[in-house]
Structure formats: C-alpha cells, structure tokens
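Undergrad: Protein sequence lines, in the order shown, are assigned to chains A and B.
Numbered per the numbering used here, the first sequence spans residues 42 to 379.
Numbered per the numbering used here, the second sequence spans residues 21 to 360.
Worth double-checking, as some hints may not be accurate.
Said to hold, decoys possible - Under the rule of at most 25 Å between Cα atoms (straight-line distance), these lysine to any residue pairs were calculated in the SDA-like manner: (1) K184/B with A133/B; (2) K249/A with K184/B; (3) K249/A with A346/B; (4) K249/A with V237/A; (5) K150/B with A298/A; (6) K150/B with L354/A; (7) K150/B with L69/A; (8) K249/A with V344/B; (9) K249/A with P152/B; (10) K249/A with S294/B; (11) K249/A with W369/A; (12) K355/B with R165/A; (13) K240/B with A298/A; (14) K249/A with E235/B; (15) K150/B with W369/A; (16) K249/A with A133/B.
Claimed, not checked - Calculated Cβ distances over 12 Å to all of chain A for the following chain B residues: (17) R216; (18) A233; (19) D342.
FYI, nobody ran anything at the bench for these hints, they're computed from the structure.
Ideal placement from N, C-alpha and C gives every residue a C-beta, glycine not left out.
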Amino acid sequence: MSDTAAPRGIRRGELGKLASWDGIIIVLTVLALVVASLAVPNFGTSRNYTFLVLDLMPILLIALPMTLIIVTGEIDLSVASTLGFTSALMGWFWNNGLSIEMIIPLCIVIGAVLGAFNGFLVTRLGLPSLAVTIGTLALYRGLALVVLGDGAVADFPFDYTGWVTGTIGGGSIPNVLLLLIPLAIVFGIVLHATPVGRALYAMGANDKAAHFAGIRVERTKFWLYVASGAVAGLVGVLWTLRYSSARADNGSGLELAVVAAVLLGGVSIFGGKGSLPGVLAGVVLLAVLQNALRLQDVSGQALNIVTGALLVLSVLLPNIVTSLRTTWHRRRLRQAAA
Amino acid sequence: MAAIATPSASPARRAFGGLVKTRELGIVIALIALVVYTAANNPRFLSAQSIRDILLNTAILAVMAAGQAVVVITRNIDLSVGSVLGLSAYAVATLLQANPGVPMVVALLIGLAVGAAAGALNGVLVRYGKVPALVVTLGTMYIWRGVAYSWAGGDQVTASELPKHFLSFANDSVLGIPWPVLVAIVVVLGVTVVMRNYRAGRELYAMGSSPDAAELAGIKVSRNLIGAFIVSGALAGLAGVLFAARFGTIDASAGNGYELNVVAAVVVGGVAISGGSGTVWGAGLGALLLTVIGSALTVLSINQFWQQAIVGALIILAICADRVVAVRIARALRKRDSHV
C-alpha cells in the first residue's frame, strides 16, 4: 500500500512543474540545433556533428549515473578524478606491456572499485556524500598523479584511437554513438520503467519513508556509486583514446560541468525529481552552444556566463512560476469569498 | 517543538563543546607532529624564510576558509569563491594599473565591496529565489569566471604595471609579521569571536543545526543567511586583493579551482558539511595544515605528486572523525534522556 502511494504522490504533485521545465529545455535544445545549423557557417556539416558528439560524449556518459545518484538526493563529485585515475593507469599499464584488450576492461573494473569505495563511505559509514566525494575527488586525482606524474603516454594502437574518433563505415555517424545510445537507453529504462527507478525517486523524496516501504536504500545507493565509477572508468578509457594521450590531469574540472548539465536538465539537487530526457537535452544544449560559439570565434570562456545563468534560471524560473500561481490562486479564492 | 528542543540544547552544546575542542586539538597535534618530524629531517624547514613562505601561502586560503566556514555552518555552501577571487583580483589590478596613486586601503576596500556584492547576489537567490546554495553558487561560479574572461579577454596585468606600494604589501611586515598574514589572523580571529560570542553568530549555528526550528524560534533567517553569504563573498574579494599583491601577474584565470581547496580546508578543520558545528579558527587551522603538508613534502623531498592524495585522505579521515563525534553525542544524549 505505502510503496505505491509514495511514488504516486510525487508524480501528481511534481510532474506538472517538472514536465514544463523538461519541455522548455528540450524545446530550447531543438531550437538551438536548428538555429545553429541554419545560421552558423560550418555547423551543419557531418564533420562538425562528429566533433559535437565527441565533445559531449564524456559529459553525457557520466551524466547518466549522476542523474540517478542526484535523483536519490546524493551526489558524486569524484567522477572526473576517477576518469583521470583510469586514464593515468591506462598509460601505466600500456608502458608495462599489458595488451590493450586487457587494459580496457581492467580500467572499467578499477573505476567500479573506486566507485564502490565512495559507496561504502556513504552507505555503510553514513557519511555525507558531498564531503566524501570532495575527499575522493582530491584522493583519486592525487593517486593519478602518483601513478603517472606529469608525463603523458601517447603511443596507443591506432585501431583503437581511430575507432573512437571515427565514424561507422566512414559515413557520417560517429562510432561512439554505438556506446552512447545503448547506455542512455539502459539508464533511461532503469530510471523510468522499472521498480528500481521508482524506488530511486522515493529515496530522493524521503529516505526514511522509502526504507520503511521496504526499499533497500543503502544497497541501491551503493550500486549506483559502483555504476558511476565504472562509467567514469569507461570515459577515462575513451578520453585517453580520443586524444591518444594518457595524462593524470585528463578531465579535471569535469565534475562541475556534469553536475551543471544534470541540474540544467531539471533534476532537483535535493532529489526526488527529474528525468533522463531532460538531462540529455541539457547536455546537448550546452555542447551545441559551446560548439556554435566556437565556430563564431567567441571565446568558450564567455559561454560560462550562459551556462551559469541557465543553471540558476533552471531552478529560479519554476520557483517564480509556482509562487505567482499560488498568489493568483489565493487572490481568486479571496475574491470568490468576497 | 522549539520549546521542547530548547532545554536539551544547552547541556548538549556543552557536551558538544568539549568534544569539538578535542576535534581542533586533533588538528593541532597533527600539525605539531608534522612540523617536528619534518624539522628533525631538515632543520631548514623552521628557518625564518621557510616559515614566512608557509604563512604567506596560508594567508589567502585562510581568509577564504573563514568566510566559507560561516556559510557551511549555516548548512549551505559557497562554490563561487574561486571565481569571486579572480574577478576581484582582476578588478583591483586593472584599477591600480590605471590609477597607480590609489592607496592600499582603498584597494582592499574595493576588493571587499566587489566580493560583498557577489555574495549578496548568492544570498538573495538562495533565500528569496529558494534555489539551493549548491546550484546558485555553482551557477555564479561559472558566471563570474565568464565575466572575468569576457572583461580580460586574453590580457593580463603584469607586476611591472602595478605600483610599488601595492606589490610591497605582500612582503612588508609589521612587528615581523607580513601584512597578508596579519590580515588573515585578524580575519580568522575576528570572525571566530563573532561566531562564538555574538548573537548573530549563535543564530547562524542555530540555523545550521535546524533551519526549521531556527525560523520557528523567531531568528531573522533571511537577514542572517544573506549576511553569511556576504561575509563569504567579501572575504573571497579580500583574498583577491591579497592574491593580486602577492603574485603581481593577474589574468582572468586567477583562483581557478580554489573553491575545492577552500572547502577542503574547512572540512579538514572540523566544520561539518551538514551545518551547525565546527569553528572558524578550526577552518583556519585546516588551511594551515593543508599548506604545511605541501611544504613538508617538498622539504622531505617526497614526490610532490603525493600531496593531493594526502589531502584527499585527510578530508575523508576528517569526515570520519566528525561522524564518530556525532554518533557519540547522539548516544550520550539518548542515555541522558532515558534517565530523565
């Protein structure tokens, strides 16, 4: 009884507000794509689309598990450092003569182990995830530096580096979409079409109520951190192959870009709200703006203003709309009474 | 509910105070152990020049940590401090480049004002916009960095373009203490006293312990919260002036990524990220400890690359310690209540 009532309550109360922001962000993204394709020279070329996909790949992949984690009301700021650590390890393994077929799964597993450490600290010891993952952000990046120092390893086999930057059959569809799309679908199904997904919303809305409703809160969160680490490990591999350069500082600062994209996509930082299509739109919107501005020779750094403003507005506007609506509603009630 | 909470609060705070004291004692002991060990290996570590460098390096971080501690105590966070530092540093540097006659005090005040304005915006958005602090300050972190880049473009202000009195501020001493260190000490002690002994400070702790109860108890939450963000912003702005005076060469990337160092210093210093506990001077000690670790590694000729990993491990250790303290307090309170 109670486990169906809790999610349904969230749905009814929040879906109106949430759907509207999701809608806005998806419409904005489509608009940005159309306008950029028509108005920005060279944007609409298939070469540029390949670059666009490669640019948004790391943020999009990491945003998938991050969305699930933020929906439960937690956060993982260590993802970019996990990426850097697996990238550094990849270089170190390669220098020590491991085959690339060994290295890639090994890096993903090690990413999962780093995620499991976060999950252990957050769920078993009950530590706040923000503080824990700021700690592991420094720790994992530090370990990456210990492994590889400030050097770089660059001589990865072309079969692999070429695959990451290449397109399917030399056509216009980038190879990495073969990873992006299935993973996005898997995470989308888990979040929106399974009991586990409903449980994530329930945890985000109220941890204790979810626990009493029979949801295994701790265990689920633990596995989310493992997934987050594994995906970050995979992105570490892809990042290394894309630039054919394993470096300890690969992807530094990416964690805040991922969080910004997820929040921009309409996910509440307090948990319990948000959808994966919205997040995907948020990621694509930021990448399109950046790409289009770069083609127009506008400094990418100035785009920071747009990113920041969108981020604040994504929460501020729905709040303003809600408060205006309640004001109007109250006034109407008062008039009706009078 | 507030009425029930009040009587149990004061003994709880006393028990808490005792444990918190041991918490800061832990940092002091760690610091002393580290300094003694390093100095035993290399006596040059305690030379006047070395100590001076460590203190100068600590000053900027400690000033920002004091402000961040105030915000974290209210159960919020300010991620925009690194960008505010950059904006303030660039603003003050360009101003002095154009008007070399501007006295240092004015430069400091301008830095404070720039930061206070940025902090006020954060506070208003958090309180009246009802946007979570993490979102607001992540947003303004991007915005102020973007503003600095749009303003500066690829330009930078170099030391040769800045007036002498400005640059010498970072090196001149009063009573043997360099000015930036003096500023940091005054800031950390001043904010500590306000948070410890004054009504506004205690209200901030109350807000962090239980935001709802604070509101019900009649605390002026809006005013205090915006005030806390203004303090954090203003101190980040002040740190920007110190940064400009110390390094001389300023571009739009000044202070990039500092926000995480500042939060690390605060957490290591024993301010709980969940609000309501910790002290400002603890945060200052945290900043000192992080800086000393960096210098000690160099002196001990341990691979510099270990520094960040050690900082990370230290943060996790600090959170675990806070957790142990919190669990112990909860147990003590439960035992006390069951006797009553």
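Undergrad: The structure should be examined with respect to each hint, and the outcome stated for every one.
TA: Results for each hint:
About 23 Å separates the Cα atoms of K184/B and A133/B, which keeps this hinted pair within 25 Å; it holds. Distance hint between K249/A and K184/B is unfulfilled; the C-alpha atoms sit about 61 Å from each other, more than 25 Å. At most 25 Å may separate the alpha-carbon atoms for a hinted pair to count; K249/A and A346/B meet this at roughly 19 Å. Distance restraint check for K249/A and V237/A: the Cα-Cα separation of roughly 16 Å lies within the 25 Å cut-off, and the hinted pair is therefore satisfied.
Under the criterion of a C-alpha separation no larger than 25 Å, the hint pairing K150/B with A298/A is consistent with the structure, at around 22 Å. Taking the CA atoms of K150/B and L354/A, the gap is about 11 Å. The hint holds against a cut of 25 Å. Our distance criterion of 25 Å between C-alpha atoms is met by K150/B and L69/A, whose separation comes to about 24 Å. With a C-alpha separation of about 22 Å, the suggested pair K249/A and V344/B falls inside the 25 Å cut-off, and the hint holds.
Note on K249/A and P152/B: the hinted pairing holds, with a Cα-Cα distance of about 22 Å set against a maximum of 25 Å. A C-alpha spacing of about 18 Å is found between K249/A and S294/B, which places the hinted pair at or below 25 Å, so the restraint holds. Between K249/A and W369/A the alpha-carbon distance is near 35 Å, which puts this suggested pair outside the 25 Å criterion. Between the alpha carbons of K355/B and R165/A the distance comes to roughly 24 Å, so the proposed pair stays at or under 25 Å and holds.
Restraint check: the Cα-Cα separation between K240/B and A298/A comes to about 35 Å, which exceeds 25 Å; the hinted pair is violated. Only pairs whose Cα atoms come within 25 Å are accepted, and K249/A paired with E235/B is accepted, the gap being roughly 24 Å. Of the pairs offered as hints, the one joining K150/B and W369/A holds, with about 19 Å between alpha carbons and a cut-off of 25 Å not exceeded. For a cut-off of 25 Å, the pair hint linking K249/A to A133/B is broken: about 44 Å separates their Cα positions.
The Cβ of R216/B lies farther than 12 Å from every Cβ of chain A, with a closest approach of about 23 Å, so its non-interface assignment holds. No Cβ of chain A approaches the Cβ of A233/B within 12 Å, the least distance being about 18 Å, so the stated non-interface status holds. D342/B, annotated as away from the interface, has a beta carbon of chain A within 12 Å; the closest lies near 8 Å.
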